[in-house]
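> This is what each chain is made of:
Protein chains: 2
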Amino acid sequence: MSRTEKVRVLIAEDQALIREGIATLLSQQNDDFEMLPGAADGEQAIEFARRYRPDVILMDLQMPRVDGIAATQRILRELPQTHVVVLTTFETNDLIFEAVSAGAKAYLLKDARIDEIAATIRAVINGQSGLSPSVAARILDEFKRLRGPRVSAKLPVRDGLTARENEILTLIVEGKSNTEIGERLHLAEGTVKNYVSTILEKCQVKNRTELAIKAITY
Amino acid sequence: MSRTEKVRVLIAEDQALIREGIATLLSQQNDDFEMLPGAADGEQAIEFARRYRPDVILMDLQMPRVDGIAATQRILRELPQTHVVVLTTFETNDLIFEAVSAGAKAYLLKDARIDEIAATIRAVINGQSGLSPSVAARILDEFKRLRGPRVSAKLPVRDGLTARENEILTLIVEGKSNTEIGERLHLAEGTVKNYVSTILEKCQVKNRTELAIKAITY
DNA sequence: AAACGAATATGACTTTCGTCATAACCGATC
DNA sequence: GATCGGTTATGACGAAAGTCATATTCGTTT
Numbered sequence: 001m002s003r004t005e006k007v008r009v010l011i012a013e014d015q016a017l018i019r020e021g022i023a024t025l026l027s028q029q030n031d032d033f034e035m036l037p038g039a040a041d042g043e044q045a046i047e048f049a050r051r052y053r054p055d056v057i058l059m060d061l062q063m064p065r066v067d068g069i070a071a072t073q074r075i076l077r078e079l080p081q082t083h084v085v086v087l088t089t090f091e092t093n094d095l096i097f098e099a100v101s102a103g104a105k106a107y108l109l110k111d112a113r114i115d116e117i118a119a120t121i122r123a124v125i126n127g128q129s130g131l132s133p134s135v136a137a138r139i140l141d142e143f144k145r146l147r148g149p150r151v152s153a154k155l156p157v158r159d160g161l162t163a164r165e166n167e168i169l170t171l172i173v174e175g176k177s178n179t180e181i182g183e184r185l186h187l188a189e190g191t192v193k194n195y196v197s198t199i200l201e202k203c204q205v206k207n208r209t210e211l212a213i214k215a216i217t218y
Numbered sequence: 001m002s003r004t005e006k007v008r009v010l011i012a013e014d015q016a017l018i019r020e021g022i023a024t025l026l027s028q029q030n031d032d033f034e035m036l037p038g039a040a041d042g043e044q045a046i047e048f049a050r051r052y053r054p055d056v057i058l059m060d061l062q063m064p065r066v067d068g069i070a071a072t073q074r075i076l077r078e079l080p081q082t083h084v085v086v087l088t089t090f091e092t093n094d095l096i097f098e099a100v101s102a103g104a105k106a107y108l109l110k111d112a113r114i115d116e117i118a119a120t121i122r123a124v125i126n127g128q129s130g131l132s133p134s135v136a137a138r139i140l141d142e143f144k145r146l147r148g149p150r151v152s153a154k155l156p157v158r159d160g161l162t163a164r165e166n167e168i169l170t171l172i173v174e175g176k177s178n179t180e181i182g183e184r185l186h187l188a189e190g191t192v193k194n195y196v197s198t199i200l201e202k203c204q205v206k207n208r209t210e211l212a213i214k215a216i217t218y
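Chains as they are written, first to last, in this note's numbering: chain A, 1 to 218; chain L, 1 to 218.
Simulated from the structure, these hints should not be mistaken for laboratory data.
Values in this document were obtained by computation on a predicted structure and should not be read as measured data.
The C-beta atom is built at its ideal place from N, Cα and C for all residues, glycine as well.
A couple of the hints might just be wrong.
[To be verified] Below, computed lysine-lysine pairings styled on DSS-like, alpha-carbon distance capped at 25 Å: (1) A:LYS214 with L:LYS206; (2) L:LYS110 with A:LYS144; (3) A:LYS202 with A:LYS214.
[Claimed, not checked] One-sided excerpt, in silico: chain A residues whose CB lies under 8 Å from chain L: (4) ALA123; (5) PRO133; (6) SER134; (7) LEU140; (8) VAL173; (9) GLU174; (10) ASN207.
Go ahead and model the full structure; you've got the sequences and the hints to work with.
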């Protein structure tokens, strides 16, 4: 994805030195970042988010008045298109899980290099995500626990569809475009379209939206 | 953490060219990797894991005889100290979640650079983890869903839409085309399209199929 | 071995979708 | 009563979806 405008970045961090330092480094890092005035606590982060509508907020977690997690919740409820990247020194399970549940798109530790922070900002803008390796490990552990023991990994195959057709149906239900499906399955776009046509006919629907609805609803 | 011995790496990948290529690149990358003979399918991966006791297995998912996920499960049950790093071209939710549940410590896509792969291998050896940015995003989404709503992560699917927009959303969810919607509401097709565009943006989705899915699911 | 059908794969072509610029309308505010 | 923000409305145009004809591969049947 290419953006014509600059990425508007807000830093919420109570220590002025760190706040200014990161802002300076980031603006040196690349000229496509527009650094907004820094927020010194959670309350101010909310206020500045409302006022400046940042694309990305670098959010510290331990801040006066309103902490970073509460600020994240309130900002995302009001401005859901904002991307919050947590940047903190602490990495307890509780903090990590709460931050992610609050809607943080990435969780970095303060020992991250500035180019990693910049790369993560670009990633979240593109709908991706970034986790420090040790944070990722904790998330994966909890993830496994939450999912519980798998019994049968097999998806119920939709009757009448071939294996290939089912693969494609699954991706359609995830909202993928034909191009994306083609890339994922190493098929030409034309091939995917043809599969879609076949599936549409078999399921007696007119277009992929109806198909997705039917597949979800049964 | 510093290790005195080399890191013993096993590659399980059915395409010989890719297998040899990664092995060569990794051994050039750093002299602390000891590359074991490559496994061409899941069955062989299990056999070689038993024989060579690797520290890390780079595991492809789509392989003949036994797939990568089944191989991961069986290897980790027998040799739980092994670290499995998934390296694949596919990134469907199912594959990712199953791989993680099976015990994979990291999940990389094949477009990763060789130094990223090397860094991930070192990370998992140190009890950390590595996820490609797009994979991390999927994990975090599912993670949030599994933990359940903490506050009210309500997306502005119906709320935040005007009355007219909601009428149109309802018809989209019924699988209607823009022409059909226009006839029903006595609007020009162009007008309907414009409404659809607005709704897509408000709901933060890329196309009407995703929109229908989100409207049904939430 | 030849014939056959089902599954898989592809590209040319038409239709539908989605974006963008633009404008009329209306209630609120100054 | 002029201005402003939000809703409603429209069409031109490039992008994506869907149709159709066609080809290959592979297991099964004759």
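> So, for every hint listed, does it hold in this structure?
Against the structure, the hints:
no.	hint	verdict
1	A:LYS214 with L:LYS206	holds (20 Å)
2	L:LYS110 with A:LYS144	holds (24 Å)
3	A:LYS202 with A:LYS214	holds (12 Å)
4	ALA123	holds (4 Å)
5	PRO133	holds (4 Å)
6	SER134	holds (5 Å)
7	LEU140	holds (6 Å)
8	VAL173	holds (7 Å)
9	GLU174	holds (7 Å)
10	ASN207	holds (7 Å)
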